[in-house]
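What follows is the residue order along each chain.
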Amino acid sequence: MLTVICIIVASIIIAFIFIPSLLKIKDTKTIVIFSLLLLIGALLNSLNALNIHVPSPLIPLVMILSPLKKILDSWREGGTRK
Amino acid sequence: MNKEMISSRQFTIITLLCSIGTAILIIPASITNDVQQDAWIVASIGVIFSLLIIKLFITLGKRTPSFTFPQAIEKIVGKFFGKAINLCFTMLMLLSAGELLYFIGIFMKTEIMPETPSMSFVLLFGIIVMYAAYLGIEVFARSAEILFPVFAFIFIVFVLCISPQIDIGNVQPILEASPSSMVFSTIRFMSLFSFPLVILLIVFPSNVDVQESATKGFYIGAMIGGVVLVTVILLSILVLGPTLTSSRTFPSYALAQRISIGDFLQRIEVIMAAMWITTIYIRMFMYFYASVISMAQVFNIANHRPLIIPLGMISMGLSQVIHPTIIESNLYNQEYWPILATIFMVLLPLMLLIIAMLRHIKAPSN
Amino acid sequence: MSVSKGNDTSHINATEDCLHRSLAKNIKIIKQTLGNSDDIIIRQLVIDEAQNQSIAILYIDGLSDKTAISDAIIDKLLLNTNDFTIEHIKASCLTIGDVKDITQFMTLYQTLLNGDAVILIDNCVTGIATNTKHAKDRAVMEPSTESVIRGPREAFTETLRTNTALIRRKIKSPNLWIKSRIIGEVTQTDVSVMYINGIASDKIVAEVLARLDRINTDSILESGYIESYIQDAQLSLFPTIYNTERPDVIAGELLDGKIAILVDGTPFVLVVPALFTSFLQSAEDYYQNWMVSTLIRALRFFGISLALVAPSLYVAITTFHQEMLPTPMLISIASQREGVPFPAIVEALIMEVAFEVLREAGLRMPRTIGPAVSIVGTLVIGQAAVEAGVVSAVMVIIVALTAICSFLFPAYGLSNTVRVLRFPLMIIASMFGLFGVMFGVMIILLHLCSIRTFGVPYLSPFAPFILKDQKDAFILFPRKALLTRPRLINQKNMVRGHRYIAIKRRNQRDG
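Protein chains in written order, with this note's numbering: chain A, 147 to 228; chain B, 21 to 386; chain C, 29 to 539.
One or more of the hints may lead you astray.
Only some residues are given here: those of chain A computed to face chain B with a beta carbon under 7 Å [said to hold, decoys possible]:
#1 Leu190
#2 Ser202
#3 Ile205
#4 Arg222
Keep in mind the hints are simulated off the structure, nothing from the lab.
As the structure is a computational prediction, the values presented were derived from the model and not from experiment.
Glycine is no exception: its CB is placed at the ideal position from the N, C-alpha and C atoms.
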């Protein structure tokens, strides 16, 4: 829990460092993306700190790639048989 | 704002250290697994074929000499597809950065300081990389220039110290592996060694001062990096033997543990660890910087600096969730990463090059 | 501060007008403005009793040369009998080298407070300023902070003119130029920028002058004031401006294309741009055998690394990586640490802080007892602490080693940086072992790489690496081989000299 508080405080401090200077140049797009990414980062790290299991982002990637891998595997098997 | 420039010398050093990257830690195990004592032959072939890959990168880079890689993608395939590809590329880079952080964490935790949580190492390493990214590519290049002699010195000491324990019997018999497994292992080697060099297109040629010598430096850096890797693989097999090499997660660390000269110079593997921390730092920076730059490009953000800390936090978080255990990590690196790397780091540049040729996008000749 | 400044400007505004025709009125105003301070001497001479015309000579006691005033001004004025126009006095009366006209009170005060004598004539709106500066100053002595075995024995003094003369005596080139500024609203301190025209980069000279002109403050009392105004990395512990009190070092730096900033009132002269390596090079390196110098430089580089990381390495190794030590040594350290109640980090912090306290106390104590107290303190505290079991003997050795290493630096500035950085490194080492030390060193390295001083990368010629400049960086080549100047500092006049051909060899070749 303490870690989560630390993460949140750190995120707020980071936001306070960057956002005023961005506001000054009226760069709304950057502010939105910056805040969004910061939120994702803080959330991800907080979940980690609370030991809540987050599925690996590689799982969908692996799922997409596994048919390809099967084809390659069959090639390799064929190669060894030869 | 003045464009940040790095010298061709610095570029060569970055290429060298970046090509070694994580490979120095994990590659001996991953390819020895398949081809046993012939791993070093596979690696040597891989190094030679890598020159072709680098030729591809250079040819692509020179088509759009004044753009960074993400800008070049948008220029070549148009805005819509460019943004889509860049977003995928950003994701891949971010995942890779997270994976590298995972490696640092798991390596420190399993081998050096088992009682400290891996997140603390990830945090420290992440801070270094974020700080470097914040200071910019020019400062990073200078730090690489300072780290290079350190790396070279430790590597030479490492090779000299371990060489008395060589057993030639370990590499025999030569060429026992089947041709197909050799082909696959070569690709596996290249996917960790030369495919990731595509990220150097972020700085090459747009941020390099002398293009001609940087082109040469690209080849030279990769060649020397390849030689270092082949040496490490060869030493692992010669000293540890193929079976032990393939069963260890970090064979080169096991190799360093074997160093014992006289009775006083022993167990210096922690100092040797500085060597791969250096190379991982360089590659990690390049991945991370690439993700920041292409993220900024996707959303047309002029100043990429505000994105550094959020993206750094995300990659640190990713490092904790990306692989539940080291077994999954090994499986991913063995089976899926080569496919992914081939798609994104060879086929994509190849496709871009073909489209650029068809659309006659060329460097303005003046 | 702002209040005093406000007062000061209003003061000046009130007196900005020109001198009056009546001498009595002028004197009254001057007396009033200077608050009747009794070190202002106003000597009035009546020269024409018939018309009751008089002349006044004003000077400040202690700042002006009294004999010069009485011999060359008062004496000559009294001998002069007929013509009392200002032109005549200036042309054929005064036997002083440097005279100037004054028409305004503002300039009058400035010259007066600089030590010049001012002559005011009745019925004349112009005064004469005569250069009679003669303040009490220290003689040129041996440098007290940078001593060498071989090399010149003179050091700068507090007087700006003496200092510029000391440099001019080393470089007798017409290209040695001086640009002067007066900085400080209240103190009106003279600041001179010295460089060799044609060698120093014009861009850097212009930048230095521009930065000096931007300074807007009430006082400059030491060159440190200037340093903190014009240095690049404000948030850095690393010094980016070099200071020295040795004219030979300044001469050498000027010949490298650097720029010296001299401030009146301090013997410490600033040099810009200062690179990291200049803090590890001593003037003596060039005066002795180059091979010896190379070794000594290597020793200094080793010393700075040791001074920085030795305590943190001790903490890291004894806490996390005991296996790195050979077994006998491990046993002896473990047996020493047996009775010590603290973890290694606390032990290290106690000793390092104790040492810093002793060092600081040794500096501030009266000179006669300072060294004695610090030596006795270190010995007694060190030995007693070990015997009492508060710290281990190895720790005392480490602290002593660190202390000695931090005295290896020829320049004091870097030594302070290392002193400070040692502590965070120790703390992080106690948490993350050698990885922590590596982290700390990496952050320091990145920071060093990011600093630029007047546009020149701080770590050059290492990063960016410049092969030609390696001749005089980590290693030192013989003088014969140092044919070029550092590349990044100046780009126009690179050639320092040409190849030296030994006569013996040439004869052999001829014959």
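The hint names Leu190(A) as touching chain B; please verify it with the least Cβ-Cβ distance against 7 Å.
Hint on Leu190(A): holds, closest Cβ of chain B at ~3 Å, below 7 Å.
Would the hint on Arg222(A) stand, with a C-beta cut-off of 7 Å toward chain B?
Hint holds; Arg222(A) Cβ to chain B Cβ min 6 Å, cut 7 Å.
Hinted contact Ile205(A) with chain B - closest CB pair below 7 Å
violated, 10 Å
Report holds or violated for the interface hint on Ser202(A), using the least CB-CB distance to chain B and a cut-off of 7 Å.
holds, 5 Å
Violation of the numbered hints given earlier is confined to hint 3; every other hint is satisfied by the structure.
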